[in-house]
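Following the hints, position chain H against chain W.
Chains W and H, in that order, give the protein sequences.
Mapping the first sequence onto numbering that gives the first Met the number 0, position 76 (from 1) lands on 75, and the numbers just tick up by one.
Mapping the second sequence onto numbering that gives the first Met the number 0, position 166 (from 1) lands on 165, and the numbers just tick up by one.
No lab work stands behind these hints: they were computed from the structure.
Incorrect hints may have been included.
Claimed, not checked - The calculated DMTMM-like cross-link candidates involving lysine to aspartate or glutamate, where the alpha carbons are at most 25 Å apart (straight line), are:
id	chain 1	residue 1	chain 2	residue 2
1	H	Lys156	W	Glu102
2	W	Lys26	H	Asp128
3	W	Lys107	H	Glu142
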Amino acid sequence: MIVVRDLDLDLDAFEGPFDLLLTLVLKEELELVDVDVAGIVVRFVERLAEREALDLDACGEFLVLVAALLELKARGLFEEEGAELSELEPEEAAEELARRLAEYRRMKEAAGWLAERLSSERDRFFRLGPAPLAPEPERRLAPQDPEELANVVRLLAAEPPVVSLAHMELRFPPVAQFVARFRALLGRRSRFDFDAELAGLSRAEQAVAFLALLELRRADEISISQAAPFASIRVARVEQESAAANERTVAWNVRSA
Amino acid sequence: MERPLRLVTTNPLDQLARTLEALLVVASAPLPVEELVAAADDDRERVETALGLLAERYREGRSGIVLESVAGGWAFRASRDAAEACGRLFERPVQRGLSQAALETLAIVAYLGPCTRPEIARIRGVAADSAVAGLVERGLITEAGRDDGAGGAVRYKATPMFERVFGLESLSQLPRLDDLAGDVDELRERLHAVAEQRSA
Numbered sequence: 000m001i002v003v004r005d006l007d008l009d010l011d012a013f014e015g016p017f018d019l020l021l022t023l024v025l026k027e028e029l030e031l032v033d034v035d036v037a038g039i040v041v042r043f044v045e046r047l048a049e050r051e052a053l054d055l056d057a058c059g060e061f062l063v064l065v066a067a068l069l070e071l072k073a074r075g076l077f078e079e080e081g082a083e084l085s086e087l088e089p090e091e092a093a094e095e096l097a098r099r100l101a102e103y104r105r106m107k108e109a110a111g112w113l114a115e116r117l118s119s120e121r122d123r124f125f126r127l128g129p130a131p132l133a134p135e136p137e138r139r140l141a142p143q144d145p146e147e148l149a150n151v152v153r154l155l156a157a158e159p160p161v162v163s164l165a166h167m168e169l170r171f172p173p174v175a176q177f178v179a180r181f182r183a184l185l186g187r188r189s190r191f192d193f194d195a196e197l198a199g200l201s202r203a204e205q206a207v208a209f210l211a212l213l214e215l216r217r218a219d220e221i222s223i224s225q226a227a228p229f230a231s232i233r234v235a236r237v238e239q240e241s242a243a244a245n246e247r248t249v250a251w252n253v254r255s256a
Numbered sequence: 000m001e002r003p004l005r006l007v008t009t010n011p012l013d014q015l016a017r018t019l020e021a022l023l024v025v026a027s028a029p030l031p032v033e034e035l036v037a038a039a040d041d042d043r044e045r046v047e048t049a050l051g052l053l054a055e056r057y058r059e060g061r062s063g064i065v066l067e068s069v070a071g072g073w074a075f076r077a078s079r080d081a082a083e084a085c086g087r088l089f090e091r092p093v094q095r096g097l098s099q100a101a102l103e104t105l106a107i108v109a110y111l112g113p114c115t116r117p118e119i120a121r122i123r124g125v126a127a128d129s130a131v132a133g134l135v136e137r138g139l140i141t142e143a144g145r146d147d148g149a150g151g152a153v154r155y156k157a158t159p160m161f162e163r164v165f166g167l168e169s170l171s172q173l174p175r176l177d178d179l180a181g182d183v184d185e186l187r188e189r190l191h192a193v194a195e196q197r198s199a
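The following block holds chain W by itself, in its conformation from the complex (with noise of 0.2 Å):
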C-alpha cells in the first residue's frame, strides 16, 4: 500500500517527503504560495499507476490532504477575504468570484493591449541615459599637465620597432665540419684557444663551434678550462693513454660498486 505522507515530491520549490512539506507549511517556514500543488497531485497519481490495484485508502488520505493544502493556499493569495469569503450565502460567492474572475480577465485583456502596444511601437529607438539631474560621483584628480598628458600620447603614437626576420635566413654549418676542424687543430697542438680559433666567425657559426667543442668533450678528446667566467676557452688534447686510464677507473668503479 502507499503511504501517502512518504511520497517523495521534487518540485521547485521543495524536495522530499510529502509529511516534511506539510510539517513546513504548518509552522509556516515554506510559503504554499510558491508550492506547486498541480505537481504533488502529478507525483501521487504516478505513484498510483505504477499498482494495478487501485489503494483507495491511499486515494482517501491524499484527497483530504490535497484538499486541505489548497484551501489553505486559496486562503493564503485571498487573505482576510478568503475568510469572508467562506461566510458568504452561494449567490453571494458565486457573484464574488465572478466579480474577481473578471479583474482577472480584464488585467490579462490589458496584457493583451500592452503586447500588441510593444510589438507596434518597437521601432521606437531613443536616447537612454542616466537621469538628467543625478548627482554624479565627484572625481578626485590631482592637477594634470596637458603637456604631459600629449607626451604619453606620442609615445604610444610611435611605430614601434620593426621586429627582425634575419635569422630565419640563417644557414648553420654542420657540426662535424667544426669537429674535424678542431681534431686537426689539436693534431697539430696540444691546445688552443678556443676564442682565438672564433675570430671573424659569424654568431651561428660561432654557436655551431661550441655544439662542436660540447661533442668533443663529451668523447672524451678534449678538456676544456676557463680561468673565470667570460673568460676565454682553452681547449686541450686528452693524451691517448690518460684517456685510456680513465676508462679503466670507470669500469673499475662499476665493478666495485
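Here is chain H on its own, set in the frame of chain W:
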C-alpha cells in the same frame, strides 16, 4: 545667391525654439515643460508655442529625428524610417519580448500601481516574484515605498521608461479597463450554470 539655408522662416519664437532644441538634444530623458520653461527662462505659453513649432519641424516623415511628447515630457527619438538602421547598431529598449506572466504583471502594476507583490499574486492567482524582479531589472517598474505598517510589503509602480517604451504621454493614456472585455455578466452566468449542474 549666397543665402544660408533656413528651415523655418523668420519667427519671433525662432530664438526660443533654438534654445529648446539645444536643451532637448542634450537631455537623455524626456524634459517636462516646467523644466524647459525654467531652463530657457521664458514664458510658459511661449515655450509651448515654440515646442509646437519644433514638433512640426521634427515630424515623422519630415526628419530623421522626431520630437514627441512622451512620459510626461518632450524628447527626441529616431524616426521610424530609420528603425532598421538603428536596429543594426543599437539594442531596442525591450529587445527580447515579455512573457505572458511579465505582461500581466506589468498590466496590473501600470493600472493599479503602486501595488505590492501579494496584491499582484491575488489577482493572477500565482506568485509574481520572478516576473516582478524581471520587470524591475528591465527598468519598466520600480519600487515606490512600502505598505503601511511595520514590515509592509514593497510597492511597485510603472516607470517613465515604461511610458517611453510603449509610447505613452502618461499612464492616463492606457485604454480604460471598462473598454477592454471582461464581461462580468457573462462570467456570472457561466458560474451559475456550473453550480446548477452540480446541484442537479
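> Which hint numbers does the structure go against, in order from smallest to largest?
Replying inline: Violated hints: none at all, because every hint is consistent with the structure.
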